[in-house]
Amino acid sequence: MPRYLSPGTHFMQGNEALAEAALIAGCRFFAGYPITPASEIAEHLAKRLPQVGGIMIQMEDEIASIASLMGASWTGAKAMTATSGPGFSLMQENIGYAFMTETPCIIVDVQRAGPSTGQATKCGQGDVMQARWGTHGDYASIVLSPNSVQEMFDLTIRAFNLAEKYRTPVILLADEIVAHMREQMLVHPIRKIEVVNRKKPKPGNKLFFGGEEVPSMPSVGEGYNVTVTGSTHDEFGIRFTSDPTVHRSLVTRLVNKIKNNTELLMDFETLNANNCEVGFVTFGCTSRSVYEAVDMATERGIKAGFIRLKTIWPFPERIVQAMAQNAKAIIVPEMNLQQLFFEVQRVVNGATEVIPVNKIGGGEMLTPEKLLSEVERSVG
Amino acid sequence: MTETFSTKKYLRDIPFPFCAGCGGATVATCFLRAVNELGHKDLKGFVFCSGIGCSSWIPSPHFEADSIHTLHGRSIPVATGVKLMRPDLNVVVFGGDGDIVGIGLSHMVHAARRNLDITIIMVNNMIYGMTGGQVAATTPLKIKTTTTPYGGFEHPLDAIQLAVSAGASYAARWTTAHANQLKETIKKVLTLKGFSFIEVVSQCPTAYGRRAGFRNAGEMLQWLKQQSVAIEESRKLTENELEGKIVVGEFVSKTRPTLIEMVQAILKGAEKDD
Chain F
0 MPRYLSPGTH
10 FMQGNEALAE
20 AALIAGCRFF
30 AGYPITPASE
40 IAEHLAKRLP
50 QVGGIMIQME
60 DEIASIASLM
70 GASWTGAKAM
80 TATSGPGFSL
90 MQENIGYAFM
100 TETPCIIVDV
110 QRAGPSTGQA
120 TKCGQGDVMQ
130 ARWGTHGDYA
140 SIVLSPNSVQ
150 EMFDLTIRAF
160 NLAEKYRTPV
170 ILLADEIVAH
180 MREQMLVHPI
190 RKIEVVNRKK
200 PKPGNKLFFG
210 GEEVPSMPSV
220 GEGYNVTVTG
230 STHDEFGIRF
240 TSDPTVHRSL
250 VTRLVNKIKN
260 NTELLMDFET
270 LNANNCEVGF
280 VTFGCTSRSV
290 YEAVDMATER
300 GIKAGFIRLK
310 TIWPFPERIV
320 QAMAQNAKAI
330 IVPEMNLQQL
340 FFEVQRVVNG
350 ATEVIPVNKI
360 GGGEMLTPEK
370 LLSEVERSVG
Chain L
0 MTETFSTKKY
10 LRDIPFPFCA
20 GCGGATVATC
30 FLRAVNELGH
40 KDLKGFVFCS
50 GIGCSSWIPS
60 PHFEADSIHT
70 LHGRSIPVAT
80 GVKLMRPDLN
90 VVVFGGDGDI
100 VGIGLSHMVH
110 AARRNLDITI
120 IMVNNMIYGM
130 TGGQVAATTP
140 LKIKTTTTPY
150 GGFEHPLDAI
160 QLAVSAGASY
170 AARWTTAHAN
180 QLKETIKKVL
190 TLKGFSFIEV
200 VSQCPTAYGR
210 RAGFRNAGEM
220 LQWLKQQSVA
230 IEESRKLTEN
240 ELEGKIVVGE
250 FVSKTRPTLI
260 EMVQAILKGA
270 EKDD
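Top line first, the protein sequences correspond to chains F and L. First residue of the first sequence: 0, per numbering that gives the first Met the number 0; consecutive thereafter. First residue of the second sequence: 0, per numbering that gives the first Met the number 0; consecutive thereafter.
I should point out that these hints are in silico values taken from the structure, not numbers from a laboratory. Take these hints with a grain of salt, some might be off.
What the hints assert, rightly or not - Here are the simulated SDA-like pairs of lysine to any residue, each with C-alpha atoms no more than 20 Å apart in a straight line: (1) L:K40 <-> F:G222; (2) L:K267 <-> F:P49; (3) F:K309 <-> F:S288.
Can you build the whole structure from these sequences, using the hints too?
Here it is in structure tokens:
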């Protein structure tokens, strides 16, 4: 196999496409623990990472997996782990650590039906809120949601780029269907794929944890004597566990560096978003049923549209609010028992009706027919 | 001979947070003396990983060095990530008994199994000191703590035996009453390959000593000395005679392919592979 995927079209599995994209984005360290439906990512990278000079190691559990990413990232390496719901739960504490210490890393959560062990081989979309709020304390997360093999590839590269640019963990919230399906995808020549690398400090620089929105990041072994800590710390990295202003300014900056860049982080696909009678707000595998439901509604003379979120968090409030101005109803279909629905309802704030459509169990998708019937019912 | 060594050249100007009489300062001094005697002018080339607990403050932020102060119990997997990507750096983990063989136990066992090329210095004060004196996996039987007010009813863990059976290249135990031996052992392991595990049984007069009937740190140190039995001597004693004793010395020192050696040997050909 060549160093990287050759330009042109490929017929691949979602998880494999994600793994290949990680290599192109510069990933050189992967640590993980076996879990369905994410294991193919570890298996693929176990073969491929050593071919590009990287390392894949299977750790003793998911906690160790994500913890080893912290160490690898501070050596300057781009690092990733991949898991599903149960492992994602175990990783939450270190996601907070990565956020607090501004350690870039990628956490792939290939969602399955939860809670607990649930239905391990079946698709679910029940981790939307966990991806946003899973760790404790105040924080902001960047969460991307692919709906195709192409996007398993594209959004993985974007995930690495955002992690490096904002020095923060990025969560790639995939699902079993997108991860296991095989379809055609296009790979551009490597030189045309944008790859972002973290900002490195200049000699003499000592402000690795403040002083600017996204501080420069040294690596261990470079002579900077960097002190990394998950305790509240000042801009030099020295802990301050009782000073109220140090905590306020640190955590506020960390949240704001994501919140204030919402416009840049927003990423979505839309159809008739601002002038539809009925609109969908959708993400992940469910959006593939939405495409067809919108076509079917159009054939029946109903002007339907959608906003399909490629970045779920931070949530693109402005775009959804604009849809609510003209739509009689906004439908939020999810393979869970209402999660994104609450966020849509919150930002729409009564401007129009927000209708949840939900289905769980057995990996059964919401069908286009079911979604069409909801569209028809909402326009009376 | 005139004493000229000062630990200051390796330290940031931040006072250690230890209580009066804490064994943590002894361990820090022994480590820095060892580094000095090995000829390191500074701590470049080292990366220190520590978790949460009193002894995790030994390197971070006090050592003028690269240090990663991790979550509670996770210093070893963080060190794993550092060492795999930068095998040239000397990775040293400091942690307490809670960090290393309580919450983080499985990581220690697996790092020993892999023979990961790091040094672990586990300061065993037999208690959760920073949180006020709760029972630990290392607390001796019948000792009263804040969570065992009638006395502890669980047997303590022998961390050294665990490290040895899991495959550590090197394992030794000393107490803070054996400062010179500890320093010499640290000097030795810093030049070894593979997984090196040093347990230092240490006094915590604040959270352990006062509940276990010691009036001050000096009494605890005396007790540590009295309870210690050299490993060679211990072989002549029965299990009953060894009850409550602290066996000190070198438990294993062997050559075994290390994780870094294995990674480099096994993955070497992959770049040409198709």
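Can you name, in rising order, the numbers of the hints this structure does not satisfy?
none
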